[in-house]
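All chains, please: the whole structure from these sequences, using the hints.
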Amino acid sequence: MNKEDLLFMRAPEALVEASLRAGCQLFCAYPITPVEDMAEYWIKRCGEFPGALPHFTESELEGGAYLYGFAASGGRTAFASTGTGISLISESLGWIMDAEVPCVLFNFPRAGGLSISQADYNQATKAPSHGDGKCLVLAPMGTQEAVDLTMEAFYLADLYRNPVMVMCDYTLGLTMEVVEFSPMKTEGLPPKTWALTGDRSRPRRGGLAQSAPGGITAANVATGVDEDFGSMSRGEKAARRRADKYRSFPVRHEDFFMDDAEVAVVAYGTMARMILPVLKQLREEGHKVGMIRPITLFPFPVEHINEAAGRLRKVSVFECNSGQMVEDVERSVAGRAPVEFYGRPGGAAPSPQEIESELKRLLGKVEVLA
Amino acid sequence: MTTVDAAPAAGKQVFERPHVFVEEGTPWCQGCGYGAWSRIIIEEIERANPAKLVATADIACLEYMHEIIPGDITIALHGRSVSTVRGMKMAQPQALAMAFQGDGGMLNEGLNEVIHAAASGQNILVILGNNGVFGDTGGQYTMGAPLGLRTPTSPGGRDARVNGTSIPLAEMLALLPGAAFVGRISTHDPAYVYRGQRILRKAIEANMAGAGFTFVECLTTCPTGWRMTPVEAVKYHEEVMLKERPVGIIKDWDPATHLAVEPALPKLS
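Each protein sequence line maps, in turn, to chains A and B.
Heads up: the first sequence at position 167 corresponds to 167 in my numbering, and the numbers run straight through without jumps.
Heads up: the second sequence at position 87 corresponds to 1087 in my numbering, and the numbers run straight through without jumps.
Just so you know, these hints were derived from the structure itself, not from any lab.
Take the hints with a grain of salt, since some may be wrong.
[Unchecked claim] Some chain A residues near chain B, calculated using beta-carbon distances under 10 Å:
1) Gly23
2) Gly63
3) Asp199
[To be verified] Partner residues are not named here, just some residues of chain B that face chain A (Cβ under 10 Å, in silico):
4) Leu1077
5) Val1082
6) Thr1084
7) Arg1086
8) Met1088
9) Lys1089
10) Ala1095
11) Ala1097
12) Gly1110
13) Ser1120
Each residue gets a CB set at the ideal place from its N, CA and C atoms; glycine is no exception.
Right under this line is the structure:
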């Protein structure tokens, strides 16, 4: 291993470093804590990576448009913000998903307070924009996993021609850890023949100008420049194909002590990381408690949770919000076990003692705190 | 759309419609000014003959540019054309890049973006098709509308006290050091078309030389949105629009004082 592949870094900067190593050329980051550090790190470091542009995005709205234009013309690009910035580029995201343009989004939700906040779960997984589009959402538990998932996010974005979101949280945004960088996987990525390179020596499609990536675009769909494809319009045909694509996204999760667990917690991101040491301690004490950690929030590990629920006495969802992922867990469990919810909204986070107390209550071994 | 009879009469041909329009006519309404200035833009693109061309057009009337532009174009969200083409230009630095945006998209929804683009000095051509109304949605007034224009959202005529006054964007952008060339044209009669084509040529030549940000406002009639006949619209255009916004070069590119921001763009061999 090279010395420069092992670094002690803050998570936001590590994600920018990973983006540069993954060949990202344009990084759209607008100052909002902790994203300003990403913008600064990008500007400081991009000169060492050929093709990476020292551009500082003027506003989030423009960032959304840069994502669309830059990626449509064949470049590799990323956007970083908190949930508020995702709200601002939401309109562009709908366009990007319809036009099937690849890009990576880094999200550090902080709705409700400057702490671990998971209040933007629904925004990321249910409706990142208007329309039927979906982002593939990856939720890392620590800096190393965030770096690895960033490398993979660029790969998956290109593979599926779709935005991929790395869903962090504010606590991860303030975390500093040792991380190791591995090369990005590129096998199996097709050449971007759909890209709008502007090359005028190419033959034109159908006698018209090449009006959009892949020929099937937001433009064609949204403007009703529509042709008859049998009984189905071009718009419907394209929308159905995209829906099939969203269904084909890879699902990923991680199990902790689930082999003989009677009670299971479902949690993601920093919340799962906070639960883990308590879980280990309870296991050492002989309690049969486990945890399922979704790594992809969309698509959600529905089948895995459903299968596990058949063996469980109880499932509980731990989230730092008023109850968002719990709805996904309920539809996954589908009545096979009772589902409980432990939520800490408004920027609050549970202490290890509170987590332990809640887990023991779930196990039926109530210890009333004085 | 009108279909043009392709069979020519016998005799010497001295004039023909540009090939981009021959098959289907222009996609815009009768009397719309967009057909005239988009035609001269296509002619000037073909004269400049860039090896690469990337463009965006705002969703609405101008999205039909995708039928005629001799290069790659994508339709941007309303108000986002300028920043979308900035993204495309960053990915394809050797391309001639141009954004087509109406007054609704540029003066209302995306005003900050065109100002940022001019301030950046990036080598793109921005075209503002200004007719004072949201033509595609039925003619509501925009921030480009002259005072007194009657529209469904200013039924008594645009009133400064209620609706504000129009934004002189071209003059504002000319103040910015990043803007290399700023002009305004009209194409409502042949003399103006002739003059407008030369202004557009200068803008595109500046972009091909790598000058930086160029901007051309194309004043346009919208008989449909103005609820006028094409003849009435031209009269209103001359008496009101042109009085408020005289055509001409507002800021000419001087290579000695405004250094090119990038090398000259390659041409198609």
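Right, here's what the structure says about each hint:
Hint on Gly23/A is violated. Least Cβ distance to chain B is approximately 13 Å, over the 10 Å limit. Here the hint on Gly63/A is kept, as its CB sits about 8 Å from the closest CB of chain B, short of 10 Å. Hint on Asp199/A holds. Least Cβ distance to chain B is approximately 6 Å, under the 10 Å limit. This hint holds: Leu1077/B has a C-beta 5 Å from the nearest C-beta of chain A, less than the 10 Å allowed.
Checking Val1082/B against chain A: minimum C-beta separation of about 8 Å stays under 10 Å; hint holds. Hint on Thr1084/B holds. Least Cβ distance to chain A is approximately 4 Å, under the 10 Å limit. Given hint, Arg1086/B at the interface with chain A, holds; its Cβ is 7 Å from that chain's nearest Cβ, closer than 10 Å. This hint holds: Met1088/B has a C-beta 4 Å from the nearest C-beta of chain A, less than the 10 Å allowed.
For Lys1089/B, the shortest C-beta to C-beta distance to chain A is roughly 8 Å, which falls under 10 Å, so the interface hint holds. A hinted interface residue such as Ala1095/B counts as satisfied when its beta carbon comes closer than 10 Å to some beta carbon of chain A; here the least separation is about 4 Å, so the hint holds. At about 8 Å, the closest approach between the beta carbon of Ala1097/B and any beta carbon in chain A falls short of 10 Å, and the interface hint on this residue holds. Annotation: Gly1110/B was flagged as interfacial toward chain A, and the flag holds, the nearest CB pair being 8 Å apart, inside 10 Å.
Checking Ser1120/B against chain A: minimum C-beta separation of about 8 Å stays under 10 Å; hint holds.
In summary, the one numbered hint that this structure violates is 1.
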